[in-house]
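J.: All chains, full assembly: derive it from the sequences and hints.
For reference, the chains in residue letters:
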Amino acid sequence: MGKLKLKEHVITREWCKGCGICVHFCPKQVLELDDQDKVFAARREDCICCELCELRCPDLAIEIETEQGSE
Amino acid sequence: MAIKDYIRERFFPHIWCPGCGHGTVMNSLLRAIESLGMSKNEIVMVSGIGCSSRISGYVDFHTLHTIHGRALAFATGVKLSRPELNLIVPMGDGDALAIGGNHFIHAARRNIDITAIVMNNRIYGMTGGQFSPLSGYGTMATTAPYSNIDHAFDTVELAIAAGATFVARSTSYHVKQLSKILRDAILHEGFSVVEVLSQCPTYFGRKNRLGSAVDMMEQYKNDTTPIGSKAKKENPDLIERGIFVQKEMPEYCVEYDKIIEKAMKGN
Ligand SMILES: Cc1ncc(C[n+]2csc(CCOP(=O)(O)OP(=O)(O)O)c2C)c(N)n1
Ligand code: SF4
Ligand SMILES: [Mg+2]
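If you're matching them up, the sequences are chains B and R in order.
Taking this note's numbering, the leading residue of the first sequence gets 1, the next gets one more, and so forth.
Taking this note's numbering, the leading residue of the second sequence gets 1, the next gets one more, and so forth.
Treat the hints as calculated values from the structure; they're not laboratory data.
These figures come from a predicted structure and were not determined experimentally.
Here are the computed lysine to any residue pairs in the SDA-like style, where the Cα-Cα straight-line distance is at most 20 angstroms: (1) R:LYS180 x B:LEU52; (2) B:LYS28 x B:THR66; (3) R:LYS258 x R:VAL78; (4) B:LYS28 x B:GLU45; (5) R:LYS176 x B:HIS24; (6) B:LYS38 x R:CYS17; (7) R:LYS176 x B:VAL23; (8) R:LYS258 x R:ARG109; (9) R:LYS180 x B:GLU51; (10) R:LYS176 x B:ILE48; (11) B:LYS38 x R:VAL214; (12) B:LYS28 x B:PHE40; (13) B:LYS38 x R:PHE12; (14) R:LYS176 x B:GLU65; (15) R:LYS4 x B:GLU63; (16) R:LYS176 x B:ILE64.
T.: What follows is the structure, given as structure tokens:
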């Protein structure tokens with residue numbers, strides 16, 4: 001069985017208040033705020049699934065969904 | 001269970017300001033509870049009044065939203081009548097240590113099995129930015145426009161002196177440590193105090209020109225250090241994080257049961 005890999009950044013837009021905590025502290029600069037100040041995964045391929053965005057989000061607005069890798 | 005199974009989704013988005021550390025404290029607490037595999041029915045959360053105290057509305061446990069400063073008194077009553085339940089009492093710094101200071105020291109002294117969380121943003125957030133006993137000398141607040149001349153309590157030292165048997169500190173930046181500490185605090189049999197530095201960008205941050213929530217979390221990263229670290233010896237101003245005290249002492253409800261037994265025997 002392979003390593004866990006990213007399936008999706010699950011974002012609850014209505015809960016996101018655009019504080020930018022996840023954007024700033026993401027070690028791989030994966031996240032950005034859009035023109036409505038809501039988070040989105042701008043560079044999803046760089047995500048290492050550390051889940052720090054999910055753990056620090058004060059609004060419970062972002063979740064890292066993973067799946068089993070192929071190799 | 002996923003952490004969303006432990007919340008009342010119908011009340012989200014929550015009332016806290018963008019970037020308020022209190023949301024992150026809730027996040028870490030939910031993860032601690034999830035990692036313990038606890039059921040919602042075995043937890044009672046009791047809170048007082050304040051932005052921090054609003055947490056009891058969002059979690060799907062047994063919850064009591066009581067009066068300012070008195071959450072520990074209500075929690076003591078619940079615990080004595082249903083000692084098998086796990087009591088968690090999140091409080092603001094004003095709630096816990098200004099109006100509630102007396103309840104705090106006496107709950108600690110009795111060693112009743114309650115997990116007290118002090119969500120320390122160094123200000124009265126809910127009422128608009130008055131200084132609290134944790135603001136500290138030289139800070140600005142709406143009630144200290146020329147700067148505060150009151151010195152702060154050190155929550156950790158106070159809790160230890162009052163007799164708490166588990167005492168720890170972390171921050172809203174150090175979420176993995178925070179979750180682990182909250183987990184240990186819940187498991188501890190006796191009075192546990194966890195102080196969490198939690199940013200209020202709206203009042204403490206703005207009044208003291210500390211920048212955004214992100215900037216305030218950067219300060220938690222830079223201004224704190226693990227207990228007993230080399231960095232602390234070189235820079236005594238750093239605030240220590242970790243578990244300061246974890247010891248066994250007779251727990252209050254257990255002792256009370258013994259008294260009942262004695263009284264029933266009539267000797
Ligand atoms: C008996 C009583 N006194 C005063 C108040 C007004 N009051 C409400 S919240 C609060 C302080 C809130 O500060 P803190 O406990 O630090 O919580 P925060 O809002 O910062 O999370 C005060 C003084 C009250 N509700 N009840
Ligand atoms: S006033 Fe401060 S403590 Fe209250 S919700 Fe806003 S940021 Fe949080
Ligand atoms: Mg406060």
